[in-house]
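Colleague: What follows is the residue order along each chain.
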Amino acid sequence: MKACRMFAVLLLTCMIMAAPALAKETIKVGAILAVTGPASFLGAPEAKTLEMMVEDINKKGGIRGSKIELIIKDSGASPEKALSFAKQLIEEDKVLAIIGPSTSGETMKIKSVAEEAKAILISCAAAEVIVNPVAKYVFKTPQMDKHAVIKIFEQMKAMKLSKAGVLSSNTGFGKAGKEQIEKLAPEYGIQIVANEVYDKAATDLTAEVTKVKASGAEAIINWSIEPAQSIVIKNARQIGFKGQIFQSHGFGNIEYVKAAGEAAEGVIFPAGKLLVADTLPDSDPQKAVLINYKKDYESKFKDEASTFGGHAYDAMLILTKAIEKANSTDKEAVRNAIEGLKGVVGTAGVFNFSAQDHNGLDINAFEMLIVKKGKFAVLAAPETKKKK
Amino acid sequence: MNIELFFQYLAAGVTYGTIYAIVAIGFNIIYNTTGIINFAQGEFVMLGGMTAVTLHAFLPLPAAILSAVIITMIIGALIEITFIRWLTSPSVLRMIIITIGISIFIREAALHIWGEAVRALPYFTGTEVTVISAGDVHISPQVLWVIGISAVTVVLLTFFFNYTLLGRQMRACSSNRDAARLCGISAKNMVTLSFVLSAGIGALAGCVVSPITYVQYDSGTGLAIKGFTVAILGGLGNSTAAIAAGLILGILESFSVWVMPTAFKDVVSISILLLILFVRPSGIFGSVEASRLKEF
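Chains as they are written, first to last, in the working numbering: chain A, 1 to 388; chain B, 1 to 296.
Derived by calculation from the structure, the hints in this document are not laboratory data. Heads up, some of the hints might be wrong.
Quick list of the computed label-pair ranges, beta carbon to beta carbon [as the list claims (entries may be wrong)]:
(1) A:Pro186 / B:Glu4: 31 to 39 Å
(2) A:Pro186 / B:Phe278: 25 to 33 Å
(3) B:Gly135 / A:Gly374: 26 to 34 Å
(4) A:Ala377 / B:Val279: 50 to 58 Å
(5) B:Val279 / A:Asn364: 58 to 66 Å
(6) B:Val279 / A:Glu298: 19 to 27 Å
(7) B:Thr82 / A:Gly240: 44 to 52 Å
Quick caveat, the model's predicted, so the values are computed rather than measured. Each residue gets a CB set at the ideal place from its N, CA and C atoms; glycine is no exception.
So here's chain B without its partners, still in its complex pose (with noise of 0.2 Å):
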């Protein structure tokens, strides 16, 4: 195997990272307020992508996707507003098969709605066969949007998590919901604030993955297998650490249709969400001893 061989897998991988590792920062807000995985991350990215190419056809490609992203953020809303808020005190195993009926739900409805075609937006820069080439290596331009809109994301959430009054809130919900009320947080209210965080970066994630990746009503379902994997891998709640572990599944995969029949790609990512399961469940980069105190 040659050097420019060995980059070009190399630049295969940062791509399916940065694709599963945007998908996962959406996972992660939800569990950091309620402790919970919602299993309907996927259809957020779905509806995203969706909408956007919809709109796309009467507006701008930034209005565009600022509109989709508004939208689903407002069905994030709607949707905990009427499956999720009346309940009292829900065990964790009953929202994770709300979330999954959610997932079921939208999906449906996007068939629907949208019917089966496949869509897609525009590519951001450039065309489908631009590429940025250093020798014989090369890359979508596209990839580079994914990067850099991964990064601004993580960059602000995390600002917004540590060093905003909203965000310490949503935080002290997940570490201890009771305790929270009692300071005179409304639980209730950021529970919906993360639906509507996570909706919103998972339609944005939507429309930036889906020039690359296409978007189609199922296509939910795949992106948030491997989003899940990716946000167990690096620790449950943590958004950077999301981004490392998404690039280290997407070059672990990449590399190994290099040695391995390419059918057994997904063999590789699965074993390691197992592996990962069994020898370290709070993530490669995620604390054991928090990981202890929390309920799932």
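Pulled out of the complex, with its shape left as it was, chain A reads as follows (with noise of 0.2 Å):
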């Protein structure tokens, strides 16, 4: 046993020992992902996105003719393990850049880890809370809640909807959800009529719709990442709620839309264009980038490409234009070119950075989809009022 362990720490040593000769020939980028567990929806399309991205990159002779190495580590969604596995990919590792982790909680926990080691790290989380208050070295991919929020409550004037029941699920990313929807809604002249959090494991949610119903609204919003969410359509529709059912951008994943069947028809949701790429118009800057990942990863992995795998996409793609801006592989340099990245065209939206705003995404990076014959399928813009 001693011997055994002996044998090992030997081992690590040469790996140590070793790592700095290799090192001047690739770009290390360390990813903390949630590929198993809980979150394994979002970990598992970000571990896979990554790897068919550094395999292109490396065929095609990497950056600058260096090679890309790729670490990924399972987090499993807990922030303890992102913690360590984000000191190890610091100290140890001596990564140029961390991608993910996947969840709020995760990120959260190392923003300041990263900051305080100066080490970049791009986030694939959705809370706003991330890159708000800004961290010099931290930057995060997917759209913001708020502009979600804010998308939903525009479609509710445009339709002449004034009485919201608010439902969410306790986790991370409802409560989020919540705390936007109650910020937002007296900007809008949205009057929430009823709010509740259910469990994010609830089995039925009858009595929940039912007094969201008896409460006089006139739309639901939901906002939860769970199979709840198409609990919450079924049994509204099944009691005889025929108000307009919202989604959040968390509905982006077909399967819900399967699991509620009939109940899903007409719901609305805010989300990125990469479910709705084949339908858009030629003119839209995103098309290209939306259907060739999509082909790619699709004849990759012979399966669907989810919105999620997108963010990995997007902070992959972010790193390699500012390796190249900056024509360097030095830490302070990349970090000040991802800053000064205008007009780079990904999955989620097209980013524009600088010190203020390191998510670079805006509003516009939310389309309004509608679930039509099980499928989806862009919303006709409310626009045409505005006009005068």
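Put the complex together from the two separate chains, hints included.
Modeller: Quick look at the structure:
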């Protein structure tokens, strides 16, 4: 046993000693992703996307002639694991940048670590707190919750609906959405008549939607990423709720539509354009990027591409663009280069970074989608009325 | 609160209650023969639902459900034979820890086989939006299916445990294993049989509730907690009481939503579980004298 352990230590030392020799040749990029565990629907496509991209970049000769060495760590969505992996990647592997983590909770846990160690962190998680307040070395690729809420409220106004029943799950995602809804509702003249939080593992929500219906809500806004979002619409229709149902951008997975079946018809929600890539007009700047990513991913993994994998795509894209722009692999230079990136077309939208904006996306990154005949379709924009 | 709203909450409560009850029945069978709680019961429910969904791609619904139940029964038997059968007089605690281990194992295996996607069987009658309405009170026909199947299961089980030789042998093992063995009953076979039976009933439960609750690799855990609460509430080992207890808990939860923020719904069920464990550990319908004689 002891001999075995000593051998392991020896082996490890050798590997660490050997690492600097390799580092001259390659650019080391770390990734902390929830490949398994409760958030595996985020982490698994993200990890696959990164592997696919790195393979592709290296096949083409790398960036500026250096190949990328990708080190993926599976955090299982645990903030504690994410923290120890972050330290390991920064101190032992000495990576240029870390992509991920997949969830907001994990990202917040390592935000200060990355900041102190001056390590570039490009998160694939959604919460606004990741980049607000701005931390010098921390960036994120998914769209803002705030923008999703604004999109929904604008749609409600266009449909002349003002009474909303809000349902959210007791997760970080649900909580962040609920806060934004509460904060922004008065600005848009939306009255919240019911505001209920349910357990993320809920199996039936008839009582909850009954309460919302009894409150006189004209529309239901549900904010969650679990199967519960399918249960909500099903139960609401079963008890005879006739109003409009809105979902968050967490609904952007066709599985949830399939699960809710007929009840999902007419549900409106904001989402990245990846889901409707094929139906976008040719003039859309993102169309080519989206279709390429979708085609590559789906032909390689025989699995439907999701917006979540797209967040990792964007993170890697931004990093490679920044390295090219900085024309160096110096951490400071690359970081400064990211802040100066403009008009980078990714899957989530067109990124325009600045010293104040470490997300770089505006509200146009979201498209309002509607479920029609079991498929996602672009909702005709309510803009027509605004033209005077 | 008007009368229609009252009945709508009641209907919601009945829906919750029957789901919990059908899961609770599975707990009772293994308890009846071995005197332990099988913490992998929720995973049997998940396996049943997942297998049925997979098979439904090739088979008509009734055949898919039947095959899923049989497959899960085989898995139940294999698990018992591999992990439990060879133990000589294991302690209750050891068996419980083994079942917890099995539950984690099945969950992870399911994640690798099926991924993290959410699945569901189609509704047995009608679609997602079909409802049976009385005035402004609506209930999904699937709920009636769950109630019907729970009722039939309980009747059959009661008959099996009270009137057939095999059923009585299983009960004898629970009451006193050594005495049962002296009477020529193969205690080991009875334990295997109880795992098979409860795996089958768990799988059946997984199939009937999956249109309502959906099924995912980790959905067994949540169902098992509620099922466990209901089994304790009714008195361990008593399946008829489990149905009554399930309905009580479901209706209480549903009405708690009316008076309190919904976030407190689970507080209600957990408080009831704790209260019962402190005040009346034998359950509402259980016999105090009988429970004193049991090891666990």
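Colleague: Return the numbers of the hints above that this structure violates; sort them in rising order.
Modeller: Violated hints (numbers, rising): 2, 6; every other hint is consistent with the structure.
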